[in-house]
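Number of protein chains: 2
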Amino acid sequence: MNRKLILYIATSLDGYIAKPGDDLSFLKLVEKQGEDYGYEEFTSNVDTIILGRKTYEWVERHIGTTHYDNGQRQVYVITRTERPATGKTQFYSGNLTTLVQKLKAEKGKHIYCDGGAEIVNELLKNDLIDEFIISVIPVLVGDGTRLFKSGRPEQQLHLIDVKSFDTGLVQFHYKRQR
Amino acid sequence: MNRKLILYIATSLDGYIAKPGDDLSFLKLVEKQGEDYGYEEFTSNVDTIILGRKTYEWVERHIGTTHYDNGQRQVYVITRTERPATGKTQFYSGNLTTLVQKLKAEKGKHIYCDGGAEIVNELLKNDLIDEFIISVIPVLVGDGTRLFKSGRPEQQLHLIDVKSFDTGLVQFHYKRQR
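Protein chains in written order, with our numbering: chain A, 245 to 422; chain B, 245 to 422.
In short, the hints are calculated from the structure, not lab data.
Treat the hints with care, as some may be off.
Identical copies look the same in the list; a pair holds intra-copy or inter-copy alike.
[Claimed, not checked] Under the rule of at most 25 Å between Cα atoms (straight-line distance), these lysine-lysine pairs were calculated in the DSS-like manner: (1) Lys263 to Lys419; (2) Lys276 to Lys419; (3) Lys276 to Lys346; (4) Lys272 to Lys351; (5) Lys272 to Lys419; (6) Lys263 to Lys332.
Only chain A is shown next, with the shape it has when bound in the complex (with noise of 0.2 Å):
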């Protein structure tokens, strides 16, 4: 099995993955007991986790890193500051590219990638992101910070699959075509 860089992340209708101030509340609209949208099945394939400094404080103040930092899986946080790891977390302020590489030639489960739009665009850049799992919120959020950054390559793509819930999120499921 190819070891993939697989981008699992949520977005509004309207393409913002959050509005204003870092204001993820859109996303409890779709929150149901016992529906993870396949979130659980999906980090079982998965042993590494990259991420976006930004998005690991965001998660570090609202629900705590342990999301991320198990104690089982690697997560690299992408940060232009150094900071000393912490349990299996690491602080990586290297090239990024460089990185993905590294992870991608060594043996193991796939990488996740939880955004934010910094990590997401600097990846498409560079053709480094292999699946896409994107859940569309039924929103128009209506401003915010875009999953989709402009000045990118044109990059076709294949789905896979495409799954709705009845909160009326929909999951897209695509690789990059080679």
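Since the structure of chain A is already known, use the hints to place chain B on it.
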């Protein structure tokens, strides 16, 4: 039956309705003999079309205006520049909200909005779009004209249906939550 204003439009996965220079070539990725993605069925329930002047002129140059004006439907081209009507096509330079409210109050089939982005965002700012049929093309185009501009009010939607096609096109159908 209430007369509804329905947006029926195609976008790339990264949210662009055209690449820079009004380039719509990515729509060709999903062209398939005998597959119209529900367009004929949709337009059979429509007797009025609203679209922006730039979109109209693009179709005028590349497809021909009978794409909109088939002699039966009423076509409103929203423009800042007055221009005499031709066939069943009127060039409207008045207030868009006034026009849409007038049309919705009249009896008739549904009203189809074909874009472009300026019209869509003006309609959204005034909460005038009742249903959204959005076809997502399996491509990241990287840059161009975004379907959703920033600075709109938040609006919750209700998912009516989602269809996927073997070309990889996914078609969402939402209605406005009241």
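Here is what the structure says about each hint:
no., hint, in the structure
1, Lys263 to Lys419, "between (27 Å within a copy, 22 Å between copies)"
2, Lys276 to Lys419, "between (28 Å within a copy, 21 Å between copies)"
3, Lys276 to Lys346, "neither (38 Å within a copy, 40 Å between copies)"
4, Lys272 to Lys351, "neither (36 Å within a copy, 39 Å between copies)"
5, Lys272 to Lys419, "between (28 Å within a copy, 19 Å between copies)"
6, Lys263 to Lys332, "neither (30 Å within a copy, 42 Å between copies)"
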